[in-house]
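Trainee: Could you build the full structure based on these sequences and the hints that come with them?
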Amino acid sequence: MFRLALCLALSMSTLPAQINKPVNITPPEPLVAKAGATVDQTLNLSVREGFHVNSDKPKDEYIIPIKLTWTGGPLETRQVTYPKAEEIKVGDQQLTVFSGSFLIKTQFHVADGAPKGTVTVNGKLRYQACNSEMCLRPITVDIPLTVTIE
Amino acid sequence: MKTLKSLVIIAGATLAFLFSCSSSTTVGAVRPVKDRKPAPDFTLKDASGANVRLSDYRGKVVLLNFWATWCGPCKMEIPWFIEFQQQFKDQGFTVLGVAMDDEGWEAVKPYVTERKVNYRVLLGDDAVSTRYGGVDSLPTTFVIDQQGRIASAHVGLIGKNEYLGEIQTLLGIKQNVSARLVPGAVDVYAASANQ
Chain A
1 MFRLALCLAL
11 SMSTLPAQIN
21 KPVNITPPEP
31 LVAKAGATVD
41 QTLNLSVREG
51 FHVNSDKPKD
61 EYIIPIKLTW
71 TGGPLETRQV
81 TYPKAEEIKV
91 GDQQLTVFSG
101 SFLIKTQFHV
111 ADGAPKGTVT
121 VNGKLRYQAC
131 NSEMCLRPIT
141 VDIPLTVTIE
Chain B
151 MKTLKSLVII
161 AGATLAFLFS
171 CSSSTTVGAV
181 RPVKDRKPAP
191 DFTLKDASGA
201 NVRLSDYRGK
211 VVLLNFWATW
221 CGPCKMEIPW
231 FIEFQQQFKD
241 QGFTVLGVAM
251 DDEGWEAVKP
261 YVTERKVNYR
271 VLLGDDAVST
281 RYGGVDSLPT
291 TFVIDQQGRI
301 ASAHVGLIGK
311 NEYLGEIQTL
321 LGIKQNVSAR
331 LVPGAVDVYA
341 ASANQ
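Chains as they are written, first to last, in my numbering: chain A, 1 to 150; chain B, 151 to 345.
Keep in mind that the hints were calculated from the coordinates and are not lab data. Hints should not be assumed to be uniformly reliable.
Below, simulated DSSO-like cross-link-like pairs (lysine-lysine); rule was C-alpha separation at most 27 angstroms, straight line [said to hold, decoys possible]: (1) A/Lys57 to B/Lys259; (2) A/Lys67 to A/Lys57; (3) B/Lys239 to B/Lys259; (4) A/Lys124 to A/Lys105; (5) A/Lys21 to A/Lys67; (6) A/Lys59 to A/Lys89; (7) A/Lys67 to A/Lys105; (8) A/Lys89 to A/Lys67; (9) A/Lys116 to A/Lys105; (10) A/Lys116 to A/Lys21; (11) B/Lys259 to A/Lys89; (12) A/Lys59 to B/Lys259; (13) A/Lys67 to A/Lys84; (14) B/Lys266 to A/Lys89; (15) A/Lys59 to B/Lys266; (16) A/Lys67 to B/Lys259; (17) A/Lys21 to A/Lys57; (18) B/Lys195 to B/Lys259.
Residues from chain A that face chain B, not an exhaustive set, calculated with beta carbons under 7 angstroms [said to hold, decoys possible]: (19) Ile64; (20) Val90; (21) Cys135.
Note that beta-carbon positions come from the ideal geometry of N, C-alpha and C, so glycine has one too.
Mentor: Below is the structure:
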């Protein structure tokens with residue numbers, strides 16, 4: 001009984017802090033590029049054990065896909081590449097997900113006449129995570145990326 | 151040094167306790183009456199645009215389910231709730247679904263129609279979510295007694311029979327022994343998720 005009470009007290013107080021951030025995003029390294037060049041950026045992500053996030057191409061129309069977008073600065077996003085998703089079956093639902101550690105790669109093109117200097121490009125990562133018993137509400141995380149144009 | 155050793159032992163014991171707890175959180179089965187707190191009242195709109203107030207259901211047992219169309223475990227429970235609504239609606243029971251989809255009715259209406267949901271579904275908002283402790287994880291379900299008090303709270307998927315038992319207890323219905331022998335769907339769900 002005491003164990004149950006303690007479990008409940010601890011889980012009620014610590015669960016939100018534990019699970020609300022199921023994905024750890026390593027802050028991206030600053031980029032250095034020349035005007036007119038194409039540069040690659042890799043974002044490192046790690047999903048808490050037991051959780052998964054939906055892939056960029058879920059099979060079910062109701063599922064919220066992971067999506068990385070970049071805005072601001074003289075960089076054009078040419079392509080965002082997600083890893084190959086793993087397929088899992090949850091209940092009667094077939095899901096395509098990412099779990100553990102994975103990378104999202106972005107290819108940028110720096111505008112030809114981009115002025116020299118340092119700018120910040122604003123990344124936004126939207127994702128929705130679940131484990132086998134619950135889902136967390138979708139979240140959008142800001143990812144500032146420093147870019148120096150030489 | 152001795153203090154450090156004590157701290158390590160305490161931290162270890164705390165972690166051991168945490169990891170021995172399930173990630174889904176069930177606060178009691180049906181709480182004793184003296185331990186029940188009033189369910190925060192709210193007014194939300196249903197699919198037809200009508201205002202629905204929780205306190206309008208005073209006198210009934212209410213299964214208040216926070217869910218979303220993108221939530222897999224929530225979708226496991228919905229057929230059970232449809233069944234409960236059908237089985238107990240004439241005995242002073244109702245299910246109220248509160249959809250937490252950011253896209254609103256555009257996402258919720260087609261799903262509710264497709265799945266032939268036979269109970270009232272309302273569109274949730276942050277204010278109601280806050281009143282019920284934040285509701286960051288779905289499904290989150292409260293079973294509310296006839297006096298409008300929270301008799302049980304569940305965060306995450308639990309077994310169908312656990313809900314059934316709680317509803318029957320609150321309605322004063324003798325529990326069906328054969329129904330309780332059905333394996334908990336939560337086990338099936340967890341097993342398939344680990345495949």
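Trainee: Taking the numbered hints from earlier one at a time, note which ones the structure violates and give those numbers from smallest to largest.
Mentor: 10
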